[in-house]
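Construct the entire structure; sequences and hints are all you get.
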Amino acid sequence: MLHFFDPRTDLDSEIDYGTPPATFDPTPDAELISLSIDGNEVRVPEGTSVMHAAAMAGINIPKLCATDSLEAFGSCRICLVQIEGRRGFPASCTTPAEAGMEVKTQNDKIGKLRRNVMELYISDHPLDCLTCPANGDCELQDMAGAVGLRNVRYTGQSAIPSHTHLDEKKDTSNPYFTFDASKCIVCNRCVRACEETQGTFALTISSRGFESKVSPGQDDAFMDSDCVSCGACVQACPTATLMETSIIDKGQPEHSVITTCAYCGVGCAFKADMKGDEVIRMTPWKGGKANRGHSCVKGRFAFGYATHQDRITSPMVRDSIDQPWRKVSFEEAFDVAATRIKGIQEKYGRNSVGGITSSRCTNEETYLVQKLVRAAFGNNNVDTCARVCHSPTGFGLKTTLGESAGTQTFDSVEKTDVIMVIGANPTDAHPVFGSRMKKRIREGAKLIVVDPRSIDLVNGPHVNADYHLQLMPGTNVAFVNAMAHVIVNEGLEAADFIAERCETEAFHEWKNFISDERHSPENTEQFTGIPAAYIRGAARLYATGGNGSIYYGLGVTEHSQGSSTVMGIANLAMLTGNVGRDGVGVNPLRGQNNVQGSCDMGSFPHELPGYRHISGQAVRDLFEDAWKVKLDPEPGYRITNMLDAAVEGSYKGLYVQGEDIAQSDPNTKHVEAALRNMECLIVQDIFLNETAKFAHVFLPGTSFLEKNGTFTNAERRISPVRKVMPPMPGLEDWQVTLGLSKALGYEMHYEHPSEIMAEIAALTPTFSNVTYERLDEEGSLQWPCNDETPYGTPIMHVDGFVRGKGFFALTEYVPTEEKVTRRFPLLLTTGRILSQYNVGAQTRRTENSSWHGEDTLEIHPQDAEDRGINTGDLVSLASRAGDTHLRALVSDRMQPGVVYTTFHHPETGANVITTDNSDWATNCPEYKVTAVQVDKLISETASSEWQNQFAEFTEQQIAFIDK
Amino acid sequence: MTDANTQGAGQAAQASNGQGLANQAEIESVVGRILVELKDIPGPLLPILHEVQHQLGYVPDSSLPIIGKALNISRAEVHGVVTFYHHFSSKPRGRHIIEVCRAESCQSMGGRDLEAHAKSALGLDWYQTTMDKEITLEPVFCLGNCACSPAIRVGDEVYGRMDAEQFDEIVDELRTVPLAFSANPAEVK
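Protein chains in written order, with my numbering: chain A, 1 to 963; chain B, 1001 to 1189.
These aren't lab readings, by the way, just hints derived from the structure by calculation.
The structure displayed is predicted, hence computed values, not measured ones.
Note that beta-carbon positions come from the ideal geometry of N, C-alpha and C, so glycine has one too.
There could be a bad hint or two in this list.
Below are the DSS-like pairs computed for lysine-lysine, each with C-alpha atoms no more than 25 Å apart in a straight line [claimed, not checked]: (1) B:K1039 / B:K1069; (2) B:K1069 / A:K446; (3) B:K1039 / B:K1091; (4) A:K275 / A:K250; (5) A:K628 / A:K742; (6) A:K439 / A:K271; (7) B:K1069 / A:K213; (8) B:K1039 / A:K446; (9) B:K1133 / B:K1091; (10) B:K1091 / B:K1069; (11) A:K342 / A:K630; (12) A:K327 / A:K742; (13) B:K1091 / A:K213; (14) A:K439 / B:K1039; (15) A:K723 / A:K275; (16) A:K439 / B:K1069; (17) A:K669 / A:K819; (18) A:K169 / B:K1091; (19) A:K271 / A:K723; (20) A:K271 / A:K286; (21) A:K669 / A:K936.
Example chain A residues on the side facing chain B (calculated, C-beta under 8 Å, incomplete) [stated by the list, open to error]: (22) F201; (23) A202; (24) T204; (25) I205; (26) S206; (27) S215; (28) D226; (29) P461; (30) H462; (31) N464.
And the structure:
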């Protein structure tokens, strides 16, 4: 294979090159230019800075304001060089390399200049290096050494006493990092990181000249500014000015391990910075291909839950849920669990038990749980929490494109021209990708936001949606149909693409369907509430604006017509030819870290790993042969079936790994009734979560820091999770599943998760070349990864669709049965917030609660005024399923008639309100549409009946733990 | 915005120019009106800040988020610009601003004596305002009037070859309010 220079892969992520690599087209034809630096010949792509070129040759030019995550700035004047034939001393960071250039980076003259500049910096910098938290990791100290600074002539009392910054006060308002202005050299790196990397623009330099200083907001404290605590500024700071509080407390780490974040579906690569077996800091890894060196407040800082005192590290059993827990050995817990499961199966039949895998656990663990259910339980009653989030994505994309996964890599956003975000809130739920998206928008990409709420992307610093289509919850299908109708009727479709790559007959049938007047934006306006002209404008923009990409989230899937919307989105992409290359595609933003992986691993009752139907004889043969067991050809229960059967009394045993259905699944009262009916509920988790309060056997789990494995993110990227500390319970999660399986009489033999991956690879064609060795070499791999694509597949459907020809599915709009009535006149939609993650079990046990201590109900000023509600008032929120009490936040982000809340805190009981409506194809619950009423509460202390019961039950269950 | 609102805002602006802190409703209406007028011109931020200072006498901190939102920039960015230029004040100042040049030429032509005189005559230090909220004293670095050093500026008017006596005369004039009779009380200063 022809090898050519590619700045994305050929740079060492451990080196700071000072400026970003040149945008460079890595083809064999692209020319490199040649220049001489200190007599060394260097060949670099055009547009590379002299500083970057020198670093590539191993020549380190001293620098302070430059770092390769930020554009060159040219302010510190330390990186001055001399260039043959040019006057003066240009800054190497801002000077582009040119062919034939002869650069001198060191001589006496340059040395003297650098020393003088450094002397000025140090004249206003404390000389407490030995006791400084940055000692051992300070670029200012390093550069003072590099330039040979030996004395400072300007110290002592200045003529004007206020004219030093040595007495500046520390800002400790942020719980995770400290801002010590006395150490600041005003290099602007934090301000630029906040702007360029994160895109929040919370920082600035206030004032000018010697008075200049870093100002969060308007000279506010960090916590009072717009800061989202992503840590980019801390990462960029070359001194101790912005420093993690954990480092201030404990000192520099002594080793680091690269691992993958266990929060959202972005799957950021982090370096776990360690002192012994204690994680003292998580720093985003520049070599991470999903995050490219960026992070958010969750992954960067909220890892303290792993060692929280609430962790339960010993197995526990009890006979019924009104008894205290008894601590036992793992062996005893396995025996108790196995005996009971077997007893239930004897009494109620083989199908009376099942398991639920988790999107938070590794691929290997998930694979083992479904294997245990299919092989040891002898049925297919296995489902995953992806059921309640992205199951429609799997179904919809498989039907239309042929593979149950997003089509793109995250890098693809850098080439897109029109971004359409539907039912997703990337800046809160996928913050690192949200930042990458905002960067592209600042570069000029157009933006269409389709959301009932005015999310941050609609209007914020340097981001402004060209169209915000503020639809009513539950009308997504009417919206996508209207978009397609406009594109077809105005002749904007990519006719050649469709003719070549899609099923002709299906397309014509679909075209007849969609051309009908009932799908016109003028007609759908009555359902969606979106003015027809906006739809027409947005459709024209998406169809003709260049590379069009669609990013969607749970606002698409968690509806009674979730699968239809996903298919409608795929239709739009195929219709406009926006599939199969950089910058386009259909991109589901996965909620949890391993939603993609848990689906890939055969967690659904009807599918074996690799999305192959259980009824297929050939596939079953393959697995039966490998697992040495007979498989049931009939699909098993979905989560909803399990719960219904449990309430009805025919389903009695459940093994739940790392999932909290009592909090995250809709209609909490129904879930609780089902759980109370269980005779053996086995919960494996790091905390006594809401579900575990109904359990009979508790198996202590391990956090992502305590085990080896892999996660697969939203772009199909398989990334390694590495053990950095010993498992607190003594066993890693996969070992616990092995133990349970053995007790059930089905022994599995693995010494290490890599052996589990080897089995997955052997049985799953899309994973056949994935091994731990390859993951170590490449950092991560995007499936399909097999003999045809040994380096993985960043972009799918390049030469043709996986299913052969693309399929246009008919998507008739059927309004949801959940309608507003006089009794429940408002629509509730639920979502997430930046600082908290999912059910909050992890983030609530960290300082992240400083930002979001309780769930609030967002309500439009008009609806609030009708009810006499002000921000901060306690209100009741009631639906036909139940009611709960929480505080109101009056906000013009909402549209009239729609209210919004989050479900991060169990005592809020947001899912007490949600109903058991679900997607027609996949049973994904309709979390996003519930008819509700909101009333102001007079009494400040009143909790709803459910909340009182919840508080009492929680208190009782906590008391049952023998600490 | 209705006509009645616009009118109200205009009066509020007039009343508050150089008259201390404006209340939030006033700030919102004045800034809102300025934004409608100026936010779509190329490079709108500085003209907007000038206009806000002109109408309210200063650039209130609470106006920055409003300006930022309208221009699609953060309040921090607006703050960076406001604090960069000494011309902008984030606190209310006197009705008249007297700026005394402290650049090299003026200093060499007796500027330091003039500074001392200005301070003692007005009983102010730099950036302070007289009790009657009439005059604020500020230093400035070069008015470009070096040939006629030392120089001061009052509002948009630059005065050269300044000495203590002339300074006092100017201050007297600034403090003298002509009596006038008019049917419209707003015209009476």
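query: Keeping to a limit of 25 Å between CA atoms, is the pair of K271 (chain A) and K286 (chain A) held or broken?
result: Since the Cα atoms of K271 (chain A) and K286 (chain A) sit roughly 9 Å apart, the hinted pair holds (cutoff 25 Å).
Restraint status (C-alpha distance of K669 (chain A) to K819 (chain A) at most 25 Å): Distance of about 21 Å is within 25 Å: holds.
message: What's the verdict on K1039 (chain B) and K1091 (chain B), does the C-alpha distance respect the 25 Å limit or exceed it?
response: holds (23 Å)
- prompt: Would the hint on S215 (chain A) stand, with a C-beta cut-off of 8 Å toward chain B?
  reply: holds (6 Å)
Restraint outcome when H462 (chain A) is required to lie within 8 Å of chain B by C-beta distance: Holds, about 6 Å.
field: When the least beta-carbon distance from P461 (chain A) to chain B is tested against 8 Å, hint result
entry: holds (4 Å)
field: Hinted pair K271 (chain A) and K723 (chain A), Cα distance within 25 Å
entry: This hinted pair holds, its Cα atoms lying about 12 Å apart.
Pair hint K1039 (chain B) and K446 (chain A), alpha-carbon separation not exceeding 25 Å: holds (21 Å)
- prompt: Between K669 (chain A) and K936 (chain A), does the CA-CA distance stay at or below 25 Å?
  reply: holds (23 Å)
query: Holds or violated: are the alpha carbons of K342 (chain A) and K630 (chain A) at most 25 Å from each other?
result: Judged against 25 Å, a Cα distance of about 18 Å means the pair holds.
- prompt: Does A202 (chain A) pass the interface hint, meaning its C-beta sits closer than 8 Å to a C-beta of chain B?
  reply: holds (6 Å)
task: Would you check the hint for K1091 (chain B) and K213 (chain A), treating anything up to 25 Å between C-alpha atoms as holding?
output: holds (20 Å)
When each numbered hint is compared with the structure, no violation occurs for any of them.
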